[in-house]
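Here the sequence shown is numbered in full-length UniProt numbering, starting from 1 and rising by one per residue.
No lab work stands behind these hints: they were computed from the structure.
Each hint should be verified, as a subset may be incorrect.
Ranges between beta-carbon positions, derived for each pair [said to hold, decoys possible]:
{"no.": "1", "residue 1": "G59", "residue 2": "E9", "range": "15 to 25 Å"}
{"no.": "2", "residue 1": "G49", "residue 2": "L13", "range": "12 to 22 Å"}
{"no.": "3", "residue 1": "I14", "residue 2": "A40", "range": "14 to 24 Å"}
Here the structure is a predicted model, which means the values were calculated and not measured.
All residues carry an ideal CB built from backbone N, CA and C; glycine is no exception.
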Amino acid sequence: MFEIWETSEPARLITDAGSLEVALEKVDTMCRLRHDQAVAQVGQPADEGYHFEIRDQDGNALARLTYVPDTSRAYQSVVFEELRGEDGA
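Please build the complete structure, drawing on both the sequences and the hints.
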């Protein structure tokens with residue numbers, strides 16, 4: 001079991017996931033949402049970006065990501081195929 005947290009102030013639990021692959025997909029979805037919000041100028045922009053963590057069942061951070069939306073271009077996934085465990089074949 002994995003938990004996805006947005007650790008920008010205040011920190012909050014976003015959701016959980018049964019596998020690391022699903023957790024990575026959910027972080028990517030959150031980054032896409034933040035990008036779309038920035039493009040639409042909805043909500044408060046985060047000058048220092050948005051901070052996410054994937055934590056294990058004991059609450060230990062396994063991965064951290066700071067995402068700063070670039071509204072000058074279309075969203076590009078922050079999760080690389082290598083992190084998903086895909087070999088590209």
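Tested hints:
no.	hint	in the structure
1	G59 x E9: 15 to 25 Å	holds, 18 Å
2	G49 x L13: 12 to 22 Å	holds, 19 Å
3	I14 x A40: 14 to 24 Å	holds, 20 Å
Going through the hint list in order, the structure satisfies each hint without exception.
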